[in-house]
Structure formats: structure tokens, C-alpha cells
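Chains A and B, in that order, give the protein sequences.
Per our numbering, the first sequence starts with residue 1, numbered consecutively.
Per our numbering, the second sequence starts with residue 1001, numbered consecutively.
What the hints contain is simulated information worked out from the structure, not anything from laboratory work.
All C-beta atoms in this analysis are idealised placements derived from N, C-alpha and C, irrespective of residue type, glycine included.
Among the hints, a few may not be true.
Stated by the list, open to error - Calculated Cβ distances over 12 angstroms to all of chain A for the following chain B residues:
#  : residue
1  : Gly1051
2  : Ser1065
3  : Asp1111
4  : Cys1129
5  : Ser1152
6  : Asp1165
7  : Ala1169
8  : Tyr1179
9  : Asn1200
10 : Leu1206
11 : Asp1213
12 : Glu1236
13 : Glu1293
Unchecked claim - Across the chosen pairs, the derived CB separations fall in these ranges:
#  : chain 1 : residue 1 : chain 2 : residue 2 : range
14 : A       : Asp285    : B       : Ser1233   : 18 to 28 angstroms
15 : B       : Ala1301   : A       : Ser237    : 57 to 67 angstroms
16 : B       : Ser1065   : A       : Glu236    : 50 to 60 angstroms
17 : B       : Arg1229   : A       : Leu221    : 21 to 31 angstroms
18 : A       : Thr208    : B       : Thr1080   : 18 to 28 angstroms
19 : A       : Asn217    : B       : Arg1264   : 48 to 58 angstroms
20 : B       : Thr1250   : A       : Gln302    : 17 to 27 angstroms
21 : A       : Asn81     : B       : Thr1080   : 40 to 50 angstroms
22 : A       : Thr208    : B       : Ser1024   : 52 to 62 angstroms
23 : A       : Thr208    : B       : Asn1157   : 49 to 59 angstroms
24 : A       : Gly134    : B       : Leu1304   : 29 to 39 angstroms
25 : B       : Ala1301   : A       : Asn62     : 39 to 49 angstroms
26 : B       : Asp1111   : A       : Leu221    : 24 to 34 angstroms
27 : B       : Gly1043   : A       : Leu221    : 49 to 59 angstroms
Protein chains: 2
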Amino acid sequence: MSLKYGVIGSGAIGGYYGGMLARSGEEVHFLFHSDYDYVKKHGLKIDSVNGNFKLPSVLAYNKSSDMPKCDVVFVCLKSTNNKLLKELLPPLLHQDTVVILIQNGFGLEADLQKDFPNLNIAGGLAFICSNKTGDGHITHLDYGKLNIGSYSCTDTNILEKVHSDFRQADIETHIVELYSARWMKLVWNIPFNGMTVVLNTTTDKLMTNINTDLLINQMMLEVIQAANRAGCSISESYADEMMDMTRKMTPYSPSMKLDFDSHRQLEIDYIYSRPIEEAAKNGYDMKYVSMLEKQLRFIEAQYLK
Amino acid sequence: MSLKYGVIGSGAIGGYYGGMLARSGEEVHFLFHSDYDYVKKHGLKIDSVNGNFKLPSVLAYNKSSDMPKCDVVFVCLKSTNNKLLKELLPPLLHQDTVVILIQNGFGLEADLQKDFPNLNIAGGLAFICSNKTGDGHITHLDYGKLNIGSYSCTDTNILEKVHSDFRQADIETHIVELYSARWMKLVWNIPFNGMTVVLNTTTDKLMTNINTDLLINQMMLEVIQAANRAGCSISESYADEMMDMTRKMTPYSPSMKLDFDSHRQLEIDYIYSRPIEEAAKNGYDMKYVSMLEKQLRFIEAQYLK
Chain A
1 MSLKYGVIGS GAIGGYYGGM LARSGEEVHF LFHSDYDYVK KHGLKIDSVN GNFKLPSVLA
61 YNKSSDMPKC DVVFVCLKST NNKLLKELLP PLLHQDTVVI LIQNGFGLEA DLQKDFPNLN
121 IAGGLAFICS NKTGDGHITH LDYGKLNIGS YSCTDTNILE KVHSDFRQAD IETHIVELYS
181 ARWMKLVWNI PFNGMTVVLN TTTDKLMTNI NTDLLINQMM LEVIQAANRA GCSISESYAD
241 EMMDMTRKMT PYSPSMKLDF DSHRQLEIDY IYSRPIEEAA KNGYDMKYVS MLEKQLRFIE
301 AQYLK
Chain B
1001 MSLKYGVIGS GAIGGYYGGM LARSGEEVHF LFHSDYDYVK KHGLKIDSVN GNFKLPSVLA
1061 YNKSSDMPKC DVVFVCLKST NNKLLKELLP PLLHQDTVVI LIQNGFGLEA DLQKDFPNLN
1121 IAGGLAFICS NKTGDGHITH LDYGKLNIGS YSCTDTNILE KVHSDFRQAD IETHIVELYS
1181 ARWMKLVWNI PFNGMTVVLN TTTDKLMTNI NTDLLINQMM LEVIQAANRA GCSISESYAD
1241 EMMDMTRKMT PYSPSMKLDF DSHRQLEIDY IYSRPIEEAA KNGYDMKYVS MLEKQLRFIE
1301 AQYLK
């Protein structure tokens, strides 16, 4: 039995992973926003470090109400748009649909569950450098691993099937414990997203200055500390791994930096405020992270007037 | 007996206080740098909230070796230039000269004492909004109090005389305990200097955003905590006083913001690194302040290449 996939938010992340599944022969229904007309006519173009390809004809929609019910729905919106899910999701849902939130941050699944108490929810962690570089055009620069973990999805078979479909599509993927996985992702996302915005710079410049290199390491350790207080067991050496990985990366502007450059709303709630609240519940004050959050809120407020 | 005054660094601070003493009839010898030729010809112009005035002829020098020995020398250089004092000061010094460092930060007197082990050193704390707005032209926007405290000056009579000369010159002044006074000054200087640079803004904008308003208050409390660990007894309500005072202030760019705007070296060593070291000696980690220090070092390094 093959799964029917839906993608809500077909940009750098949704377009890439959905595109890879579609290329591999899966049935994938894509919800587009501004790119709809272009993709309907010209299809989807993916330039990837692993080889460029085109999908001349994709199952593209511009309204979720036109989409079929799907077995698995990937939500790849900016989390600043998650309030739209209450309206966007219902047409795609049947009794057993699993919704997988491939987004960064903490608290996403809990918020969605409040609106859909019986929904099967999972989370996805994308380790990827990928950007939307034009209409229907995605550029995949580096990495690509996608880890998936259940939040409230009790049917492990369907997650195993998703897992195997991704492997079939040449995507490295693992089934993970979601709570820890979300914190581990934040170890990288928290320092680099915010610091590239506040200092208006790129990852490589932060790593080659001894002051910001040290600060980023300290911030990573703060996130690890918060996670471990919450019951995870992330080794401090994970910060060193993340530092080494970033040193080897192509100079990179994280997604929040791109949002800042385009004067879009920043994903501060789920990447900063919710993890800070979660840490506080466990009696831990992430001071570096809180300072960064406040600086980001100031910066955003200056242009979102 | 009247004192012979010298001013090293006759800018926004030195030009103003020295100018006020000169207007009041004191003998004040000014060392100028780039403004020398202009001042020699046209004198010094001070536009002050308390009334504008001109000093058509001032005792101006462009080399300290041309200056007479003075009883009191005010050092009003940017602290980034304090390494020059080893050469600049000796011509002005007699056996009993008192050197008063009217500069922001911590550790200034200790560093100078290393180079001049027998020198009588005091510190000055200027509570003033004042800018150099042109050649030989100083604009005094607000406040003006100058507090003075001994570092290694055992002759209290001379400090009393300076004190009384300033009062004569319509400058509000107090003799204070220097160690505490330097920390108290940092309660304002640490958050506002750095935050206006990192967020490229002015004091009023930081105060009207709830996030940065809170962060600045937290940073002030961190400085107070560090001071108290070092033996001071500054009340936490002093932070509220500083917040209220700043709310009432004209929108202001602190001196570090002006240095940043002109791509000059920033006074990070004495305003950030030395207080951080002093706090660490007492077992206290000023996390917000350390983060700000590192962000400032990154920003400075990007333009001082």
C-alpha cells in the first residue's frame, strides 16, 4: 500500500522533501502560495548538490480545500504562519492522517494538538541548507537528513512507512525521540539564527571571530543544560560537534537571517520564547538565549511597524 | 592660592569642564589634537543648555611638551588612547600634581599607576550629555554633574580646592568614594553604550520597547550585583532611578554609539572587559554584560580591519 502525501508550505523545505518523494514515484500533493501559477505551468526545479532535477508536472494547489485527503501531511510553513493551520488542515484530514511538522523550534506540536485534540501528530527535523531561489526553484546547498519522531501518533507502522519512502527517495532519515531531537536541533538553531540577525552576518564570520565563536559555544551549552534539566541526556560534546560541523559548512545565512533580510516576521516564538519558557518551568534561566530573544524582538519591531 | 589646571583631551568632556573653569577665571591649559589650529585662531565655543558662551582666547597647545607643569591635570581622552599617557603626561607633572581621569569604565587608575607608581591619581565621573559638534565647538545637551574621588591622592586639600573651583564655575560636584562611584556609573554606561551600538539605535527607542527595556534593567541589576559582591552597597532601586532618569532624557546616542557611527575604536576594555574581570575575581559571572562585550568586539572587528 502506498501513502498519499500532502505538503503544506512548498518552499525550501517542503518543496525539496516533497519533490524528492515525487521524483521517487510517490503521490505528493503540494499546496503553493505565491508560486502556484508558475509551478502549475512550469513545474518544480530542484538544484541539489546531489544532482539537479526537474519535475515538469506536479500536483499543485493554491487552496487546501481543493486538495484530497492525505495519509501523511508535511507542514513546512514558517511557524509564524501556524495560526493558519486551523483552516488549512481540515480538508486534508481523514480519520488516520498523520501530520508531521517539519519546522524548527519547540512547542509546535503542543499548540497544534490544542486545536486538533484527536489528530496524530509527529515532528520532523530537517538538517539541510536549502533556499527558495526563485519561482518554483529550490536550491539545495548542503546536507539533507530528515529525522522524524512521534508526538501523539500511536501508529508506528505509518511512521516506519514514511521512513522507508524517504530512504527510497535517497533521503537519509531516522526515527527519533522527538522531545530530545527538538532540543538537539535548537542547539544549533538558537545561536546561529539569532546571532546572524543581531550582528547582520553569516555563520562563517561568527566562527572566525574568537569572541562570537566563544559566545556561540556558551549559548549551545546553555541550550544543552536546559534540555538536560528537562530530562534529556545530551552530552556537552554535542556543542563541539555542532561547532565543528559549522566550521566545515559553506558560509550560510540561516532562515531567520533570510527573513530578516526580507523584513519578514521572525520565528522568535517557537525558536526562542517557548524553549525559554520550557527551561524556566524546570527552574533554569537561559540568560544568553533570553538576551538574544529580546534583541531579536527589538530588531523585528523596528521594521514590522 | 589658585591652581594651575591642564586638560589632556579637550573634546566633549575636557573642553566643557575646562571651558567652564576658564570662563570662571581659572588658569586652564588645554591640549588639543585636530582642533588646535582652529581653536588657536577662533577660541572655544560652548553651546550649553545653561547658556551659550565663547572663550575667544584659550591657552591651547598641540604638544604636551609645550605645556607648563600643572597642579591638576584632567585626562579626558577616549580611554582607547590611554597608552599615550606615558608620553603625554610627564611634561605636566611636578612633585604634587594630581591627575584626575575623567573617563568611563573600570581599571583606568590602576593601569596609570603601574606606569607612574608615585603619581597622585584621582578619578572623575561626568554625568553629562555633551558632544563635540564642530572644530572648537562643544554642545552641552543635558546634565553636567562631575563627581571626583581619590584613587591614590592622599592630599585631600587639593581635591577640596578642585571641588570648590568647580562649584565656583557653576558645575555641580561632589567628593565621592571612587570604587563605588565607578561601579555606579557603569550601571548606566554598560547597558546603554553597548545596546545602542549592537542594535544601532538611541536610548529612547530602547526604553520604549518592552523587551529591551526589561533587558537593560536586568543588565543594570547584574552590574549592581557585581559591585555589591566586590564590597559596594548599591541598592537595586538604583537601577529604577537610572531607568527613570533615562526615560526623561532627550533621545541620546552615548559616546560609544558615536564612536561606532564614526568607525572609531570602541572603549570595550575599560567599560566591559575590566568590570567583567573584576566581577569574575569575586566569583560572579556577568552573563548579559559578557554577551554584550563579545557582540561589541565582533562589530568593532568588522570595521577595524
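Inset, instruction - Verify that the Cβ of Asp1111 of chain B lies farther than 12 angstroms from every Cβ atom of chain A, and report whether the claim holds or is violated. - result: Label holds. Min Cβ-Cβ 22 angstroms, cutoff 12 angstroms.
Inset, instruction - Please confirm whether Gly1051 of chain B is truly not at the interface, meaning its C-beta sits more than 12 angstroms away from all C-beta atoms of chain A. - result: Since the minimum Cβ distance to chain A is about 37 angstroms, Gly1051 of chain B lies beyond 12 angstroms and the statement holds.
Legend entry - Asn217 of chain A paired with Arg1264 of chain B, Cβ distance criterion 48 to 58 angstroms: 29 angstroms, violated
Inset, instruction - May I ask you to test the hint 49 to 59 angstroms on the CB atoms belonging to Thr208 of chain A and Asn1157 of chain B? - result: Check passed, 55 angstroms falls within 49 to 59 angstroms.
Legend entry - Cβ separation of Gly1043 of chain B and Leu221 of chain A, checked against the hinted range 49 to 59 angstroms: 58 angstroms, holds
Legend entry - 12 angstroms cut-off, C-beta based - Asn1200 of chain B kept clear of every residue in chain A: 9 angstroms, violated
Inset, instruction - Starting from the hint 18 to 28 angstroms, judge whether the C-beta atoms of Thr208 of chain A and Thr1080 of chain B obey it. - result: 23 angstroms, holds
Inset, instruction - Beyond 12 angstroms from every chain A Cβ: check whether that's true for Glu1293 of chain B. - result: 8 angstroms, violated
Inset, instruction - With 21 to 31 angstroms as the target window, see if Arg1229 of chain B and Leu221 of chain A comply at their CB atoms. - result: 23 angstroms, holds
Legend entry - Given as non-interface: Glu1236 of chain B, partner chain A, CB spacing beyond 12 angstroms: Non-interface label stands for Glu1236 of chain B: nearest chain A Cβ at 17 angstroms, farther than 12 angstroms.
Inset, instruction - Run the C-beta distances from Leu1206 of chain B to all of chain A and say if the shortest one exceeds 12 angstroms. - result: Leu1206 of chain B not clear of chain A: closest Cβ-Cβ about 7 angstroms, inside 12 angstroms.
Legend entry - Closest CB of chain A to the CB of Ala1169 of chain B still more than 12 angstroms away: 40 angstroms, holds
Violated hints for the displayed structure, listed by number in ascending order: 9, 10, 11, 13, 15 and 19.
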